[in-house]
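Undergrad: Listed below are the residues making up each chain.
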Amino acid sequence: MLIAATIAIFVVMIMAVARGVLGPTLYDRVLAVNMFGTKTVLLISLLGFVMGRPEFLDIAIVYALINFISVIGVLRYSDNFMLKRNGQKKN
Amino acid sequence: MDSLIQISSGFFLLVGSFLCVSGGVGILRFPDFYTRMHAVGVTETLATAMILIGLILHNPDFLVDIKLLLILLMTLFISPSASHALANAAMRNEMLKSNENKTDSDEVKPSNL
Numbered sequence: 000m001l002i003a004a005t006i007a008i009f010v011v012m013i014m015a016v017a018r019g020v021l022g023p024t025l026y027d028r029v030l031a032v033n034m035f036g037t038k039t040v041l042l043i044s045l046l047g048f049v050m051g052r053p054e055f056l057d058i059a060i061v062y063a064l065i066n067f068i069s070v071i072g073v074l075r076y077s078d079n080f081m082l083k084r085n086g087q088k089k090n
Numbered sequence: 000m001d002s003l004i005q006i007s008s009g010f011f012l013l014v015g016s017f018l019c020v021s022g023g024v025g026i027l028r029f030p031d032f033y034t035r036m037h038a039v040g041v042t043e044t045l046a047t048a049m050i051l052i053g054l055i056l057h058n059p060d061f062l063v064d065i066k067l068l069l070i071l072l073m074t075l076f077i078s079p080s081a082s083h084a085l086a087n088a089a090m091r092n093e094m095l096k097s098n099e100n101k102t103d104s105d106e107v108k109p110s111n112l
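The listed protein sequences correspond, in order, to chains A and B. FYI, numbering that gives the first Met the number 0 numbers position 37 of the first sequence as 36, with every residue one higher than the one before it. FYI, numbering that gives the first Met the number 0 numbers position 107 of the second sequence as 106, with every residue one higher than the one before it.
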């Protein structure tokens, strides 16, 4: 059952990458990156149990924090970028 | 008792995998950004919680259980706040214009993220 869950999460990560490549707007891509990061945390935890080395959970904790910081950073940057572009369009 | 715990762990992992795959199909097939956010929100809280509860039931080690519980708690705090920030930024900037709900004369509110 662990291996089945690992394969399912692999498939979902491929779907998230497809949406990130296809995505028409910036926010679709940010959404796909967020989903990919959460699924990476799950994949690291599951692979730790599949390989019999549960020490991988420390890496999963650190990856969850880095994922949150990166998503918030990209959103804040996109906010400034979009505001600047809308101001130029208005003038 | 032990086999019951293993069976319930497998059940939680199976339900979590099904929710993950349905969210992946949702992010590919849904037509709009907000509906895609709905699909991703399902996978990020419920499916993650199901898979991590399955892993907690799977192993007997105490320290590993504490670490898994920490990951579960962190995910349940982090992913709704990231989704809220994403929806807030998308609504503030230009996603409503693509739905023809907003005209060009509307002002863009400044960010207080």
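These are computed hints drawn from the structure, not numbers from a lab. This one's a predicted model, so the numbers in the text were calculated from it and none came from an experiment. Note that the Cβ used here is the ideal one computed from N, Cα and C, for glycine as well. Careful, some of the hints might be misleading.
Said to hold, decoys possible - The following residues of chain B were derived to be distant from chain A, with all beta-carbon distances above 12 Å:
| no. | residue |
| --- | --- |
| 1 | MET0 |
| 2 | LEU3 |
| 3 | GLU43 |
As the list claims (entries may be wrong) - Here are the in silico distance ranges between beta carbons for each label pair:
| no. | chain 1 | residue 1 | chain 2 | residue 2 | range |
| --- | --- | --- | --- | --- | --- |
| 4 | B | TYR33 | A | GLY51 | 40 to 48 Å |
| 5 | A | ASN79 | B | ASP31 | 22 to 30 Å |
| 6 | B | GLN5 | A | ASN79 | 48 to 56 Å |
| 7 | A | ILE6 | B | SER80 | 40 to 48 Å |
| 8 | A | MET50 | B | PHE76 | 22 to 30 Å |
| 9 | B | PHE29 | A | MET50 | 32 to 40 Å |
| 10 | B | LEU68 | A | THR24 | 22 to 30 Å |
| 11 | A | ARG52 | B | THR34 | 38 to 46 Å |
| 12 | A | MET50 | B | ASP31 | 20 to 28 Å |
Undergrad: All hints, please: hold or fail.
TA: We went through each hint and held it up to the structure:
No Cβ of chain A comes within 12 Å of the Cβ of MET0(B); the nearest lies about 19 Å off, and the non-interface call holds. Under the 12 Å C-beta cut-off, the non-interface status given to LEU3(B) relative to chain A holds; the minimum distance is some 15 Å. Not every CB of chain A is more than 12 Å from the CB of GLU43(B) (nearest about 5 Å), against its label as outside the interface. Range check, TYR33(B) to GLY51(A): about 42 Å between beta-carbon atoms, so the 40 to 48 Å window is met.
In this structure the hint that ASN79(A) and ASP31(B) lie 22 to 30 Å apart at CB holds, the actual value being about 25 Å. The supplied range of 48 to 56 Å is met by GLN5(B) and ASN79(A), whose beta-carbon atoms lie about 51 Å from each other. Checking the proposed 40 to 48 Å range against ILE6(A) and SER80(B) shows it is violated: the Cβ atoms sit about 30 Å from each other. For the pair MET50(A) and PHE76(B), the beta carbons lie near 28 Å from each other, so the given range of 22 to 30 Å is met.
For PHE29(B) paired with MET50(A), a C-beta distance near 35 Å keeps the hint of 32 to 40 Å intact. Evaluation of the 22 to 30 Å hint for LEU68(B) and THR24(A) yields a failure: the beta carbon distance comes to about 36 Å. Checking the proposed 38 to 46 Å range against ARG52(A) and THR34(B) shows it holds: the Cβ atoms sit about 39 Å from each other. Against the hinted window of 20 to 28 Å, the Cβ-Cβ separation of MET50(A) and ASP31(B) comes to about 40 Å, which falls outside the hint.
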